[in-house]
Amino acid sequence: GNSVTQMEGPVTLSEEAFLTINCTYTATGYPSLFWYVQYPGEGLQLLLKATKADDKGSNKGFEATYRKETTSFHLEKGSVQVSDSAVYFCALLDDYKLSFGAGTTVTVRA
Amino acid sequence: GAGVSQTPSNKVTEKGKYVELRCDPISGHTALYWYRQSLGQGPEFLIYFQGTGAADDSGLPNDRFFAVRPEGSVSTLKIQRTERGDSAVYLCASSLSLAVRETQYFGPGTRLLVL
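Read top to bottom, the protein sequences are chains A and B.
When we follow this note's numbering, the leftmost residue of the first sequence carries the number 17, and every step to the right adds one.
When we follow this note's numbering, the leftmost residue of the second sequence carries the number 179, and every step to the right adds one.
Same shape as in the complex, but just chain A (with noise of 0.2 Å):
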């Protein structure tokens, strides 16, 4: 069946410290990979996507490429804020169901 493994947290930065979050996936056919993000007290947001091997999705800094050779999707971001405090999921879309990964708690300190 699918899994995805990631990170366990908590991780907890300085404010403009590199973040990277490990993802790495097991999937019997081509998943599609996401990032969802969850800030305190708001819903699931996507924050990016890569649809097949060697895609790069991005957004707001950060940055994940999917890795087939590695079956991985790690996030990254150079520089990170205050505001990117949030728990972080990776998941995988395989036959229209998504499998997610336990997520990862972030703090950024000022």
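Simulated from the structure, these hints should not be mistaken for laboratory data.
This structure is a prediction, so every number in the text was calculated from the model and none was measured.
Where is the CB? At the ideal position from N, CA and C, for every residue including glycine.
Check each hint, because a few of them may be wrong.
As the list claims (entries may be wrong) - To be clear about the criterion: a stretch of chain A counts as covered by chain B if any three or more of its residues have a C-beta under 8 Å from a C-beta of chain B, and this derived list gives those stretches:
#, segment
1, 60-69
2, 100-110
3, 113-126
To be verified - Straight-line distance between alpha carbons at most 16 Å, and here's what the computed EDC-like set of lysine to aspartate or glutamate pairs gives:
#, chain 1, residue 1, chain 2, residue 2
4, A, K65, B, E280
5, A, K76, A, E32
6, A, K68, A, E58
7, A, K65, A, E79
8, A, K68, B, E280
9, B, K195, B, D241
Starting from the known structure of chain A, arrange chain B on it as the hints suggest.
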């Protein structure tokens, strides 16, 4: 435009009671999905609809759970004889179509607490 909306935002009920959770998808979206998110976990798939019919209900945990979408827009998730283990956030999502790479947009969720 308006996003996915869900009502109520919070629901507290007693063990054994019946509850209904409502989802209004984004206007024009034909596909609708329900997920359940337990504390500290990622969402887990329950069921999805294309139009009025349930295309895949393989994620429903047991026959106490049922969902309908009678007119192809609003959907209701129904839980009979609630148990404490049903406590979770129930998320609804919609997408423009049931295409294999279509993005799903989520509502704010209904937080269900079974006492």
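*Hint by hint, which ones does the structure fall short of?*
6
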